[in-house]
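Novice: Start from the sequences and build out the full structure, keeping to the hints where you can.
Chains as they are written, first to last, in this note's numbering: chain A, 3 to 160; chain B, 145 to 430.
Quick caveat, the hints were computed from the structure, so don't treat them as lab data.
Treat the numbers as computed from the prediction; the structure is a model and nothing was measured.
Any given hint could be a false lead.
Stated by the list, open to error - Example chain B residues on the side facing chain A (calculated, C-beta under 7 Å, incomplete):
hint: 1; residue: Tyr147
hint: 2; residue: Leu151
hint: 3; residue: Ser152
hint: 4; residue: Asp155
hint: 5; residue: Ser174
hint: 6; residue: Val178
hint: 7; residue: Lys243
hint: 8; residue: Gln244
hint: 9; residue: Arg248
hint: 10; residue: Arg328
To be verified - Take a look, some chain B residues computed to stay more than 10 Å from chain A by CB distance:
hint: 11; residue: Gly173
hint: 12; residue: Gly182
hint: 13; residue: Ile190
hint: 14; residue: Asp192
hint: 15; residue: Arg203
hint: 16; residue: Gly241
hint: 17; residue: Ser242
hint: 18; residue: Leu276
hint: 19; residue: Pro316
hint: 20; residue: Glu330
hint: 21; residue: Asp399
hint: 22; residue: Lys401
hint: 23; residue: Ala425
To be verified - Simulated coverage check for chain A against chain B, where a stretch passes if three residues somewhere in it have a Cβ under 8 Å from a Cβ of chain B:
hint: 24; stretch: 4 to 15
hint: 25; stretch: 37 to 47
hint: 26; stretch: 64 to 75
Idealized CB from N, CA, C, for every residue including glycine.
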Amino acid sequence: MAGLAVSTTINGDSVEYLCQPDETLLDVLRDRLGLTGAKEGCGTGDCGACSIILDGRLVCSCLVLGAEAEGRRVETIEGMADGDVLHPLQQKFIEHAALQCGICTPGFLIAAKDLLARNPDPTEEEIRFGLAGNLCRCTGYDKIVRAVQDAASVMRAA
Amino acid sequence: MRYLRPLSMEDAIGMITNSAGTVAVLAGGSDLLVRMKGGFVEPDLIVDIKAIEGLSEIRETAEGFSIGAAVPCAVLGEHAALRKAWPGVVEAANLIGSKQVQGRCTIAGNLCNASPAADSVPALVAAGAKALVAGPKGNRTVPVEAIPTGPGKTSLAKGEIVREILLEKRPPRAGDAYLRFIPRTEMDIAVVSAGVNLTLDAKGAVTSARVALGAVAPTVVLVEEAAGILVGSRLDDATLEKLAKACSDACRPIDDKRGTIAFRRKVAGVLARRAAAAAYARAGGK
Numbered sequence: 003m004a005g006l007a008v009s010t011t012i013n014g015d016s017v018e019y020l021c022q023p024d025e026t027l028l029d030v031l032r033d034r035l036g037l038t039g040a041k042e043g044c045g046t047g048d049c050g051a052c053s054i055i056l057d058g059r060l061v062c063s064c065l066v067l068g069a070e071a072e073g074r075r076v077e078t079i080e081g082m083a084d085g086d087v088l089h090p091l092q093q094k095f096i097e098h099a100a101l102q103c104g105i106c107t108p109g110f111l112i113a114a115k116d117l118l119a120r121n122p123d124p125t126e127e128e129i130r131f132g133l134a135g136n137l138c139r140c141t142g143y144d145k146i147v148r149a150v151q152d153a154a155s156v157m158r159a160a
Numbered sequence: 145m146r147y148l149r150p151l152s153m154e155d156a157i158g159m160i161t162n163s164a165g166t167v168a169v170l171a172g173g174s175d176l177l178v179r180m181k182g183g184f185v186e187p188d189l190i191v192d193i194k195a196i197e198g199l200s201e202i203r204e205t206a207e208g209f210s211i212g213a214a215v216p217c218a219v220l221g222e223h224a225a226l227r228k229a230w231p232g233v234v235e236a237a238n239l240i241g242s243k244q245v246q247g248r249c250t251i252a253g254n255l256c257n258a259s260p261a262a263d264s265v266p267a268l269v270a271a272g273a274k275a276l277v278a279g280p281k282g283n284r285t286v287p288v289e290a291i292p293t294g295p296g297k298t299s300l301a302k303g304e305i306v307r308e309i310l311l312e313k314r315p316p317r318a319g320d321a322y323l324r325f326i327p328r329t330e331m332d333i334a335v336v337s338a339g340v341n342l343t344l345d346a347k348g349a350v351t352s353a354r355v356a357l358g359a360v361a362p363t364v365v366l367v368e369e370a371a372g373i374l375v376g377s378r379l380d381d382a383t384l385e386k387l388a389k390a391c392s393d394a395c396r397p398i399d400d401k402r403g404t405i406a407f408r409r410k411v412a413g414v415l416a417r418r419a420a421a422a423a424y425a426r427a428g429g430k
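Specialist: Okay, structure coming up:
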């Protein structure tokens with residue numbers, strides 16, 4: 003089957019692809035476009051490992067069809083660093099050792115970026131609530147919260 | 145399977161009525177895609193309604209608010225006027241899932257998914273919300289409680305699509321609230337829930353009331369007796385006690401791992417009374 007032709011924008015670049023009607027955007031990103039930063043944890047919208055930003059909204063790409071991206075704007079973890087310069091959130095996740103296996107990390111970074119874009123100075127409770135759609139099974143959440151707090155203060159000073 | 149994204153409601157209805165197989169309407173997809181993945185539904189055709197004009201908007205009209213079927217719940221929470229007029233409806237809508245799910249899920253989808261535990265539905269029923277349904281024979285407007293008929297089942301005929309959820313304009317001294325019980329603090333499915341909507345007179349006495357319970361029967365329960373108990377009162381303890389009993393008695397819950405029948409009955413009364421107190425305070429009652 004040829005599939006559906008989709009034209010979209012991913013991390014600022016125009017992208018065209020063919021996909022099957024029941025194929026998720028997560029599968030398109032990973033298997034057709036080689037953007038393997040977004041991970042499939044649960045595939046049912048519970049774990050947040052596949053988080054992306056779609057037209058300015060944080061969503062799980064496992065709950066979006068590839069066909070739905072037509073004419074829309076997709077932001078993934080691959081667009082977060084500016085060339086070799088890491089985003090402050092990425093830098094602080096490293097400094098605070100806010101990851102172990104790393105599977106959940108791209109989703110946490112995207113969700114944290116969305117959180118700070120809406121609320122540059124969140125309380126600890128707001129961070130924990132805002133990131134509650136992202137599950138981590140090894141680091142635990144304290145180091146992640148500290149990294150986000152630190153990155154937020156760096157970004158506010160910039 | 146085919147995927148279609150019509151630009152008009154007429155086209156959407158035509159696509160559905162002309163299709164011989166199973167059709168699924170796609171708004172936010174936070175239920176549909178999970179059910180497809182689990183193999184619970186295998187549609188031959190998906191009709192994505194998000195590109196239909198007007199369905200992604202909240203409009204404030206002379207009659208109140210019209211919420212398009214494709215408006216994500218996150219947008220409800222960001223709409224200051226809606227939040228001010230219908231705080232109970234908005235807090236219920238914003239309890240559905242994580243931030244990621246909020247960016248996709250819709251109240252029209254929550255209604256049409258017809259889960260007995262849907263969070264926004266008891267709040268909408270308490271609010272007296274209506275559903276504007278488009279179909280092959282034209283539009284019809286029905287109370288939202290007429291849509292779900294049982295777990296996963298609706299009264300919608302083939303080709304019918306809920307296009308808008310309608311909320312009335314608020315009189316002064318009105319307030320609503322929604323509460324649910326879940327075993328953890330966030331992001332779970334209601335074991336019991338209650339929505340209450342009240343209007344008061346200048347002296348703080350209740351002039352109209354609607355109380356709805358979720359997750360305690362195959363569909364949302366509008367507790368008609370509750371209005372009679374609350375109207376005329378100022379929510380004194382004896383009234384709240386009667387309200388709690390009426391709500392417990394109105395439950396027809398199941399026994400499952402998430403809650404026993406006795407527990408659900410008891411908690412329904414407790415939540416109804418707490419939600420009534422919250423709605424009363426929001427309406428300016430003291």
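Novice: For this structure, which hints from the list above don't hold up?
Specialist: 2, 3, 4, 10, 11, 12, 13, 14, 16, 17, 20, 24
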